[in-house]
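Residue numbers (the numbering used here), protein chains in the order written: chain S, 1 to 112; chain Z, 1 to 112.
These aren't lab readings, by the way, just hints derived from the structure by calculation.
Fair warning: there could be bad hints in the mix.
As the list claims (entries may be wrong) - In silico contact screen, one side only, chain S against chain Z (beta carbon under 8 Å); selected entries: (1) 77; (2) 100; (3) 103.
What the hints assert, rightly or not - If you want a taste of the chain Z side facing chain S, the calculated C-beta under 7 Å gives, among others: (4) 30; (5) 40; (6) 45; (7) 48; (8) 81; (9) 82.
Just so it is clear, CB atoms sit at the ideal spot from N, CA and C, and this is done for glycine as well.
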Amino acid sequence: DAGITQSPRHKVTETGTPVTLRCHQTENHRYMYWYRQDPGHGLRLIHYSYGVKDTDKGEVSDGYSVSRSKTEDFLLTLESATSSQTSVYFCAISEFYTDTQYFGPGTRLTVL
Amino acid sequence: EDKVVQSPLSLVVHEGDTVTLNCSYEVTNFRSLLWYKQEKKAPTFLFMLTSSGIEKKSGRLSSILDKKELFSILNITATQTGDSAVYLCVGNYGGSQGNLIFGKGTKLSVKP
C-alpha cells in the first residue's frame, strides 16, 4: 500500500469553526490531491498540488484552502466550516501528473 | 462536458455468478481509464487501461477498453462475498483541473 496517512480520521465540529485536515505521504510523490466524496456525487476534486508551494483549484474549491510547505505534507483548511462541508475527505498522491493516483484512508468530517 | 457514466448503479448477485460492469466515457485529451474498488474505506487501484482491445487480468477480475466506442467493461468471474464493494470507473485526462473524472460507481453486492 502507498504510504499515505490522513489525520484526523474522524472529526465533529460546529458551524463557523476553522478545521485543518492533514495528509502525509512517505512516497516522495510530486502530486497530491484533496477530494471529497458525497452520496450521489462520487469523488470530486477540491484542490491539488504539483510541488512545494504550488497548488491549483479543482472542481469544488469554494470554501477551502490548501498549503504545501513540504513535499510530504498537504493541508486542507476549511476557514469557517459549514454543514454543506460534511463529507468524507480523501487525499491522493501520484508520481506524475497523468499517473495512477493512490488514496489515503479518508477523514470523516461532520459539521453540526 | 467531460463525463464518465457507469451502469448499472447497483447489482445484486450470488456467490459464483459472473458479473460485467459497464463504463462509458467522454473525456477530452483522454490518456487512460482506471478502475478502482472501494469498500468502506479508500478506493484501491485495480487496473489502468490505455490501449484498445488489450485485456488486463488480475485473478478473477479482468477489464478491457474500446477507444473507438468509448467504453470499458470490468468482469468478475466466480464472485465471492469479498467482491462486494463499489467499483469506480475513472477517466484520466490532461486537463488543467487535476486529471481524473470519476464515475458515480457501481455498487456490487454478492450474497452467499
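Against the structure, the hints come out as follows:
1. 77: violated, 18 Å
2. 100: With Cβ-Cβ at 6 Å, under 8 Å, it holds.
3. 103: holds, 4 Å
4. 30: violated, 11 Å
5. 40: Violated. Min distance 10 Å.
6. 45: holds, 6 Å
7. 48: holds, 6 Å
8. 81: At about 22 Å, which exceeds the 7 Å cut-off, the nearest Cβ of chain S leaves the hint on residue 81 of chain Z violated.
9. 82: Not OK, violated: residue 82 of chain Z not within 7 Å of chain S, min 17 Å.
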